[in-house]
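*Asks:* Residue numbers (numbering that gives the first Met the number 0), protein chains in the order written: chain F, 0 to 464; chain W, 0 to 215.
Since the hints were derived computationally from the structure, they do not count as laboratory data.
Please read these numbers as outputs of a predicted model, since none were measured by experiment.
Virtual Cβ for every residue (Gly too), placed ideally from N, Cα, C.
Treat the hints with care, since some could be wrong.
[As the list claims (entries may be wrong)] Label-pair ranges, simulated between beta-carbon atoms:
{"no.": "1", "chain 1": "W", "residue 1": "D123", "chain 2": "F", "residue 2": "Y344", "range": "18 to 28 Å"}
{"no.": "2", "chain 1": "F", "residue 1": "A59", "chain 2": "W", "residue 2": "D120", "range": "30 to 40 Å"}
{"no.": "3", "chain 1": "W", "residue 1": "D123", "chain 2": "F", "residue 2": "R197", "range": "51 to 61 Å"}
{"no.": "4", "chain 1": "W", "residue 1": "K13", "chain 2": "F", "residue 2": "H408", "range": "23 to 33 Å"}
{"no.": "5", "chain 1": "W", "residue 1": "K13", "chain 2": "F", "residue 2": "R197", "range": "17 to 27 Å"}
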Amino acid sequence: MATEPKVEKFDSAVLRGRHSYDTVTDKIASIVLTRNQPRAWIFGAAIAFSLLMLFLYTAAMVVAKGIGIWGNNVPVAWALDIINFVWWIGIGHAGTLISAILLLLKQDWRTSINRFAEAMTLFAVACAGMFPLLHLGRVWVFYWLMPYPNTFALWPQFRSPLVWDVFAVSTYALVSLMFWFVGLIPDLATLRDRAQNRAAQIFYGVLAMGWSGSARHWSRYETAYMILAALSTPLVLSVHSVVSFDFAVSVLPGWHTTVFPPYFVAGAVFAGFAMVLTLAIPLRKIYGLQDLITMKHLDNMAKVMLATGLIVIYGYAMEGFMAWYSGSPNERFMMYNRLFGPYGYTYWLLLLCNFVAVQFLWSPRIRRSTLGLFIVAMFVNVGMWLERFVIIVTSLSRDFLPSSWAQYHPTFWDTGLFIGSIGLFLTLMFVFIRLLPMISIFEMRDLVHKTGGGSPRESAENKRK
Amino acid sequence: MGQIFHPSANTLAKLGIFGGVFLLIGLFTIWDQFLRSPYVTGVRQPIEQTVPFSHKHHVQQLGIDCRYCHTAVEKSAVAGIPPTKTCMNCHVQIWKDAPILAPVRDSFLTGKQLQWTRVHDLPDFVYFNHSIHVNRGIGCVSCHGQVDEMPLMWKANTLHMSWCLNCHRHPDKFVRPKDKVFDMRWERPTGTNDPGKALVAEYDIQSLTSCSICHR
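Extracted from the complex, chain W is given alone in its bound form (with noise of 0.2 Å):
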């Protein structure tokens, strides 16, 4: 009866057992990397709108305020998405006949809403209140990151969980005075000068971290 095996089996077997050990690391590696790629998360990607709105333009150019158009942030939930009306205040004056406005015209004249593609979509089973950060000290640009930058509107952040909690569980790192919350430019004092500790105290701000607080 012949060998069953050639010799070079048991390097294959060693190698096998070995190797699959760092397979296996190897594989979740770039599972769990590829899922904190912009590739997934969308950060850093610029989303093509119906009308290609300019932030940077509107904001950093031009220097108006960020409630000019998201009216509700103070409020509501929702900042809100601001009516075709809004955007015809100007235009109806500026580049009223630019082509790239047509849809913007159409829609005034039609009645019919601008289709915007939301670029900061949290889950469903996430409860977000816009009103709540705002009023106590939380700036636009820590979620958003700098509005004021981007030609096309893309995602600063991952909106990951993980994200979410960084800053609910060190509200200290991020809060600012409120009247610098829709300043684009603010920049945090270092050492001895963060106001963070104390701004936390002063707006009463809770480090809320119980599921419930969003998985309502």
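The following block holds chain F by itself, in its conformation from the complex (with noise of 0.2 Å):
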């Protein structure tokens, strides 16, 4: 490990190395189980922790003032709250897959990164929802947007697709948070078993709800994981559907389209694949888990990067053909607007972004260099921002009517509050990785049984008895 090459070989192994039971679930769980905590964690999280302080400043102003020292106005009523809402849902929906649809279609890659990416999905929901929730202006009454008994006599608007917002992305939040908690009762187990202090038995201990690896638990957790993976799979294409449907059921051009949904989803997907790459890429390097995540599993991912950039790349072609097939002036003219406006400056670096940067990932070189991954993966998650930007605000700036038109500049309240979410994000993610195995021990043994990959039928555990 101490002479690791400067290029990584290549192979298509998930497993790389000789590894047994033992060896994979010491390194996954010493990284937790210490004292001891790279200088590159403690750095990050002090910078991720500064930026949430950022987070909760603008925040708590936003709450204290209003919405109102937002640059939002009429009729840009929309702007970086929502933006910024898309994205973060978007990127979460990468973890969903992973873990839901690939344990389905049984791909043992995901093995070794679904455990962060659901927890990524699950930080990312969580920056999510501070937006809608800070964009009602009076945060103290979200509890309007359910519908319980009350005393005005109302439900919520049922045929407005913020509703369904609300019902698709708490659904998504719920489901994800019971997977990411089912999936990780083995580990919590493992590492009450292995904890030195009380302290920490306790709280692995309460955490892994006195599992012991009985044969029965491990055929109920079976069945259990299983259900949560079917019902994961559909709230995968739902969630990032009905966000669409805040646009493609308006008739405002630019956004009243049919096209929206799929091209959402594979949005969402291509997002989410770059922040698990912008994640798992530094993290990999940090913790010396190349044996673990290898370059087959980065690969794989850019893979999917590239196929569901190229489904956003036909939606944008799409948008472009409709808008001159349609002959509806409004639609050319939103077109034009969205190439020559006074944004125009942002669709042509979305392009650059979504477009451009994604083609370096039909080369293998690219895709099995970890600096050129990153930087692709980094375009795409500035140019998955900028899609919603042009979406949104070009879209809001110019509607049908002239003499409405207006440019919307973001305030600090509105920057200052995208970058803390960065940082909200981040803290969690820090957080996560410190107290909880970042990779699936269990699954790693198994992975280790399947591949051959150490001594077989030995578990760590009857070793230790």
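With the hints as a guide, dock the two chains, each given alone in a separate frame, to form the complex.
*Replies:* Listed below in structure tokens is the structure:
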């Protein structure tokens, strides 16, 4: 491990080196059960925490002073708040895809990335949820979004996609949380058994809910996990479809597009895999996990990114084609405005990020170079944010009535909240890495068993007895 | 290495998970009932006033019409609080030295208004107009209750939005003949004699439930 070559050799193994049940367990559990953290963790957590403070500050000011301190205006009533919401929700999708769909498809390369991808989903949904809530203005009456017996004799407007959004996102958050937690239980028990101090034993013990690893426990675990996977699978497609309805159901040129649901779902998976790569590449380096998260994983994720990226590009092409083919002067103007209007530069940047940068993934050399992949993933992260900016702000700022046109300029409170939400996301991520195993230990043992990576039929537990 | 948890932890965990669900439902129910309780809504809670004016005495025992004091109710959004002069029409002669009426006489002499505490206080974001309701056959009693039986004024209804909507959605259950609007004793005929549907048609009453009817 010490003499790791600069350019990692590519082979199609999902588990590299010689590993036994013991070594994978040690490798992953020792990251959590230690007093020493790598300097990169402390440094990164410090930056993330400072950004979290920025988030709390801007959010508190938005609640105290009202959303008038944002740059939003009429006609641009939706701006960075909704852009960030859609961006974060999209990022979450890769986690669910990896954990649910790849599980049902029996893809063994999901094993070492599903845990932190699921955590990423949860934290991204948490960040996403902040923005519509803050956009309410009076965030303390958020429960009006839910149908409950109230003294107004009113229900939410069920014909509004915004209400569908509430249900889609809250269901998504809940199912993702359960899926993640159920998957964690056997590992929590491992940590409980390995923890040396009493506080850690109690912490992991309570969370492990009395897991003893008996055959009955495993049988029930398998059933529960498959049911949750089956529940999550439609959510991968439904959540972002519903988010896209927020736009597609309206009549605004640039929003009123039937291609939106599939195009949004593909964009979500695209953005999500970019974020998984953004996290996985530094993580495996810092914690020396190159054996567990191999180049095969990165290569596969890059391929998914390329495929979904091409669907997204098809979406862009269709938007342009339909604007011309519809013959509607408003649609045509929308497309012209998108390309050459005052926000035109955002569209060209978007094409640079999501169209040009992605083409590099055709090359195996780029796909198998961590630096190259990281750069492409960063381009995609930016590109997917720009995509939502183009859709939301450019369309709103110039609608049917030229007399009501207005430009949108984000204020400090818009950008502060966005950058702060990245801090919230990263802080949660750093805490997660510190407290919970970021790779599923027992699934790695299963992988060792299947690939014959180590001494077979001798579990780590048996050995210690 | 000893056991981390006592065997009773199993029971505690099960109790915590299942009990938590009931606890949440229970808390929600308690909160909801609290918000509907007279403690919050003020229903049937008599309000202290500077002068303990009794509607029961003036309306039931003396037979004074609502409009004698609330003069604007048929023409204006607000029913109107009478000026002290209206009180003094009678009280220059009746009970003219009663100590309980001292604030009324003071107000009359100094010209400074009597400070009544408002009983039916709608939020500022609600637009309400008395005249349209009175002129389309909604009786005083329907909202204010049996005012002729209130020694001190209290709210007979919650003024919750659900309560407003109950009538706006089913006006035929509450409308009465126009000449019975100020009648405290009118009883609605039941069954086929119920004039509700006919009156709704006759007075051209629409079921107005869009948000901006009240929240303008």
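*Asks:* Hints first: check each against the structure and report whether it holds.
*Replies:* Hint check:
1. The supplied range of 18 to 28 Å is broken by W:D123 and F:Y344, whose beta-carbon atoms lie about 46 Å from each other.
2. Against the hinted window of 30 to 40 Å, the Cβ-Cβ separation of F:A59 and W:D120 comes to about 32 Å, which satisfies the hint.
3. Range check, W:D123 to F:R197: about 58 Å between beta-carbon atoms, so the 51 to 61 Å window is met.
4. For the pair W:K13 and F:H408, the supplied restraint of 23 to 33 Å is violated, since their beta-carbon distance comes to about 56 Å.
5. Taken as a hint, the range 17 to 27 Å holds for the pair W:K13 and F:R197, whose Cβ atoms sit roughly 24 Å apart.
Violated hints, in rising order: 1, 4; the structure is consistent with all others.
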